[in-house]
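Participant: Be aware that the sequence shown starts at 41, since it is given in my numbering, and climbs by one per residue.
No wet-lab data here; the hints were simulated from the structure.
Cβ atoms here follow ideal geometry from the backbone N, Cα and C, with glycine treated the same way.
Treat the hints with caution; some may be incorrect.
To be verified - Now the in silico label distances, taken between C-beta atoms and shown as ranges:
| no. | residue 1 | residue 2 | range |
| --- | --- | --- | --- |
| 1 | 132 | 272 | 31 to 37 angstroms |
| 2 | 174 | 268 | 19 to 25 angstroms |
| 3 | 71 | 50 | 19 to 25 angstroms |
To be verified - Taking lysine to any residue and the SDA-like style, the derived pairs with C-alpha atoms no more than 25 angstroms apart in a straight line are:
| no. | residue 1 | residue 2 |
| --- | --- | --- |
| 4 | 71 | 41 |
| 5 | 71 | 50 |
| 6 | 71 | 106 |
| 7 | 71 | 46 |
| 8 | 71 | 83 |
| 9 | 71 | 61 |
| 10 | 71 | 82 |
| 11 | 71 | 43 |
| 12 | 71 | 86 |
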Amino acid sequence: MNILAVLSLCLSPILGGVSVVLGIIAQVQIKRTGERGRGLAIAGIVVGAIPAVIVSIIVLGAIIAEILDSRPSFPDPAPSISSSPSNYGDDDDLDVLWDDCADGDYGSCEDLYYESDVGTQYEDFGWTCGDRTTGGMCADADADADADADTSTTVVFNDVRPGDCFIDGSSVLVTVSDCALPHLFEAYHSFEMTDGPLPSEEAMDAQEDTECDSAFDEYVGISHDETRLQRSTFQPTEESWSAGDRTIICVIESDTPVTGAARNSAR
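Please construct the entire structure, taking both the sequences and the accompanying hints into account.
Facilitator: Below, the structure written as structure tokens:
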């Protein structure tokens, strides 16, 4: 029995490296002398090598972890900065509208709302009519002051004149008021059609285009092709025509009550 083979197996649990060396030497001696113990030497080599393999795996893992940790890190890209004007002081033209809106020019408040970007301080200031309301294009702005300045009068509908503003256009009598008060309609022109049978809708529309378009350009200060204002007309009905009504009234119409005159606003 080869003594080194026995020692290789006995030392393998505690001295793995030594047992591997002894096992290899024992294999050489056994091959030369023919002694017994070849199986013990092989077992010592295998058992002794296991701790070395485990240690190698641990060391290799530590080296790989160190390499990964030492890679340079790059900072997150800086957020993009919008160049769109947002707050007071960012844009000279919008600042002028802001100042006029703050002074009570409700037309400027509306311009500020439409011309500024969505979600900006400019848009919010215009929408709330200079922080006077919770929103709604100044419809409820400064209600007490408006009540004091109320100069409303009731007239026959066909007596409405350019510059008159009103809410209801569905009755014979209409209450006209200062355009600083909330209104849905602002008259900017009226004209009389010639006597005779009631014209066709196409003929009436053609005469309206001729009369109202040119009057709008002069009244508002901007071409009717470029405006963002909504235009409409009040025409004689078949019944009113039979009663002698020949008046067509050209108006600027809003879907919700607004304040401020469109005259010379260039909107």
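Participant: So the hint says 19 to 25 angstroms: do the beta-carbon atoms of residue 174 and residue 268 match that?
Facilitator: Distance hint for residue 174, residue 268 holds at roughly 24 angstroms.
Participant: Regarding the pair residue 71 and residue 50, is the alpha-carbon distance no greater than 25 angstroms?
Facilitator: Status holds; Cα separation ~21 angstroms.
Participant: CA of residue 71 to CA of residue 41, is that 25 angstroms or under?
Facilitator: Distance of about 12 angstroms is within 25 angstroms: holds.
Participant: For residue 71 and residue 82, compute the direct alpha-carbon distance and say whether it is at most 25 angstroms.
Facilitator: Holds, because 13 angstroms separates the two Cα atoms, which is no more than 25 angstroms.
Participant: Verify the proposed pairing of residue 71 with residue 86, using a straight-line Cα cut of 25 angstroms.
Facilitator: With Cα atoms ~18 angstroms apart, residue 71 and residue 86 stay inside 25 angstroms; holds.
Participant: For residue 71 and residue 106, compute the direct alpha-carbon distance and say whether it is at most 25 angstroms.
Facilitator: Given that 25 angstroms is the threshold and the Cα spacing comes to 45 angstroms, the pair is violated.
Participant: Is it true that the CA of residue 71 sits at most 25 angstroms from the CA of residue 61?
Facilitator: With a Cα-Cα distance of about 16 angstroms, the restraint between residue 71 and residue 61 holds, given a limit of 25 angstroms.
Participant: Taking 31 to 37 angstroms as the hint, is the beta-carbon distance of residue 132 and residue 272 inside that range?
Facilitator: holds (35 angstroms)
Participant: Quick one, are residue 71 and residue 83 close enough, alpha carbons at most 25 angstroms?
Facilitator: holds (16 angstroms)
Participant: Verify the CB-CB distance for residue 71 and residue 50 against the hinted window 19 to 25 angstroms.
Facilitator: holds (21 angstroms)
Participant: So if I understand the rule, the pair passes when the alpha-carbon distance is 25 angstroms or less; does residue 71 with residue 43 pass?
Facilitator: Status holds; Cα separation ~14 angstroms.
Participant: Can you confirm whether the C-alpha distance between residue 71 and residue 46 stays at or below 25 angstroms?
Facilitator: holds (16 angstroms)
When held up to the earlier numbered hints, the structure conflicts with hint 6 and nothing else.
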